[in-house]
Every structure is written in C-alpha cells, then in structure tokens.
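Residue numbers (my numbering): 2 to 155.
If you are wondering where the hints come from, they were derived from the structure by calculation, not from laboratory data. Do not take every clue at face value.
Below are the DSSO-like pairs computed for lysine-lysine, each with C-alpha atoms no more than 30 angstroms apart in a straight line [claimed, not checked]:
| no. | residue 1 | residue 2 |
| --- | --- | --- |
| 1 | K130 | K60 |
| 2 | K60 | K99 |
| 3 | K93 | K130 |
| 4 | K130 | K51 |
| 5 | K130 | K47 |
| 6 | K99 | K130 |
| 7 | K60 | K93 |
| 8 | K99 | K47 |
| 9 | K51 | K99 |
| 10 | K47 | K60 |
| 11 | K51 | K93 |
| 12 | K93 | K47 |
| 13 | K95 | K47 |
| 14 | K95 | K130 |
Here are the computed distance ranges between Cβ atoms for each label pair [said to hold, decoys possible]:
| no. | residue 1 | residue 2 | range |
| --- | --- | --- | --- |
| 15 | R78 | L33 | 43 to 49 angstroms |
| 16 | W137 | A83 | 25 to 31 angstroms |
| 17 | Y38 | D88 | 45 to 51 angstroms |
Treat the numbers as computed from the prediction; the structure is a model and nothing was measured. Ideal placement from N, C-alpha and C gives every residue a C-beta, glycine not left out.
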Amino acid sequence: MSDYLEGYGAGDERRGRMIRRILLALAAVAVLGLVGYFFLRDYSEKSLAKHFVAQLNAKQFDDAYRTWGCTDAHPCRDYNYARFLEDWGPNKSKSGWKITDVDGCPTGVIVTIGGGSDAMPLWIDRGGKTLGFSPWPECQDKKWRWKQFFQKAS
Numbered sequence: 002m003s004d005y006l007e008g009y010g011a012g013d014e015r016r017g018r019m020i021r022r023i024l025l026a027l028a029a030v031a032v033l034g035l036v037g038y039f040f041l042r043d044y045s046e047k048s049l050a051k052h053f054v055a056q057l058n059a060k061q062f063d064d065a066y067r068t069w070g071c072t073d074a075h076p077c078r079d080y081n082y083a084r085f086l087e088d089w090g091p092n093k094s095k096s097g098w099k100i101t102d103v104d105g106c107p108t109g110v111i112v113t114i115g116g117g118s119d120a121m122p123l124w125i126d127r128g129g130k131t132l133g134f135s136p137w138p139e140c141q142d143k144k145w146r147w148k149q150f151f152q153k154a155s
C-alpha cells in the first residue's frame with residue numbers, strides 16, 4: 002500500500018518548478034530586452050556622430066563635409082564648403098571636438114558637440130541618417146528627463 006501513495010504530488014511539484022522557471026526566463030528576457038533597447042536605440046546615430054567628430058579632429062574637412070551629406074552628386078544648396086569651414090574648420094575649435102550630450106527623440110537624435118566654449122546641437126535623422134543643425138538643444142516631446150533630474154539633485 003505504501004508504493005501506491007509514494008509518488009503522490011511529485012508531478013505537481015515538477016510542473017510548478019517548470020512554470021516558475023519559464024516565468025523567470027520570460028522576465029529575464031523582458032528585462033534584458035528593455036535594457037538593450039534603452040542602451041542601443043541610438044547606437045547608429047551616435048556612431049555617425051562619433052565618425053563626424055573623428056573626421057573633424059583629424060582635420061579631414063572634405064570627408065566631414067561628405068559625412069554631413071554634401072557631395073558632388075547632391076550638393077548642399079544653402080551650406081557650401083566655405084560656410085562649413087567657418088562652422089567646423091581649424092579656426093573654430095582649438096581643443097578638439099567631442100560629444101557632450103545625446104538626446105534621443107522619436108524621429109531623430111540630438112547630439113551636442115562641444116569644442117572649447119562652443120556647443121552645437123546636431124540633428125541626426127533616424128530614417129535617412131543625415132546630419133544637420135538642430136533647432137533645439139533637446140527633444141521637444143514630453144518624456145522623463147532622468148539624466149537632468151539626477152544632475153540637478155547632486
């Protein structure tokens with residue numbers, strides 16, 4: 002008679018452990034997905050900005066102008082090369098350019114590039130990966146500003 006009740010409830014325990022493991026795995030995948038999304042959503046735009054800054058710091062202004070989107074095939078009508086050199090040329094930043102801030106918006110990314118006392122916000126379009134001057138220093142949509150909150154708190 003003891004053999005009959007010996008395995009009673011063992012299947013329920015196994016099923017409970019399996020359900021618990023599946024739920025923990027789903028929660029871990031969801032957390033990793035969210036963390037990956039928030040850290041990697043602006044990756045390609047940031048790498049384009051880093052490439053542009055590296056070209057400026059290496060004094061490769063022709064290449065930087067092409068990265069801006071102005072080529073012989075598609076010239077920039079209102080932003081010629083002489084104007085580009087006025088904004089980004091060797092006389093503009095003595096200490097070198099660097100990325101000081103990145104703010105992701107729904108349709109693009111605002112990357113602030115600083116060089117000495119100058120800080121220029123650039124707009125990088127998510128769809129076409131084009132560079133341009135941003136009309137705003139930060140995104141205009143409603144969102145939580147965690148970085149600014151913690152910078153002001155300290």
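Point to revise | 30 angstroms limit on alpha-carbon distance, applied to hinted pair K47 and K60 | key: The hint holds at about 20 angstroms.
Check your understanding: Between K95 and K130, is the straight-line Cα distance small enough, at 30 angstroms or below?
Key -> holds (28 angstroms)
Exercise for review: Take a quick look at whether K130 and K47 sit within 30 angstroms of each other, Cα to Cα.
Suggested key: holds (10 angstroms)
Exercise for review: Measure nothing beyond the straight line between the CA atoms of K95 and K47; if it is 30 angstroms or shorter, mark the hint as holding.
Suggested key: Holds, because 23 angstroms separates the two Cα atoms, which is no more than 30 angstroms.
Practice item. With a cut-off of 30 angstroms on the C-alpha distance, tell me whether K93 and K130 pass. Key: holds (25 angstroms)
Check your understanding: That 45 to 51 angstroms hint for Y38 and D88 (C-beta), does it hold up?
Key -> Because 34 angstroms falls outside the window, the suggested range is violated.
Review point. Are the Cα atoms of K51 and K99 separated by 30 angstroms or less?
Key: holds (8 angstroms)
**Study point:** Given hint K93 paired with K51 - CA-CA distance at most 30 angstroms
**Key:** With Cα atoms ~18 angstroms apart, K51 and K93 stay inside 30 angstroms; holds.
Practice item. Assess, step by step, whether the Cα of K60 is no farther than 30 angstroms from the Cα of K93, and give holds or violated. Key: With Cα atoms ~12 angstroms apart, K60 and K93 stay inside 30 angstroms; holds.
Review point. Regarding the pair K130 and K51, is the alpha-carbon distance no greater than 30 angstroms?
Key: Given pair K130, K51 holds - Cα atoms ~13 angstroms apart, limit 30 angstroms.
Exercise for review: Measure nothing beyond the straight line between the CA atoms of K60 and K99; if it is 30 angstroms or shorter, mark the hint as holding.
Suggested key: holds (14 angstroms)
Point to revise | K99 paired with K47 [C-alpha distance capped at 30 angstroms] | key: holds (12 angstroms)
Against the hints set out earlier in the document, a violation occurs for number 17 only.
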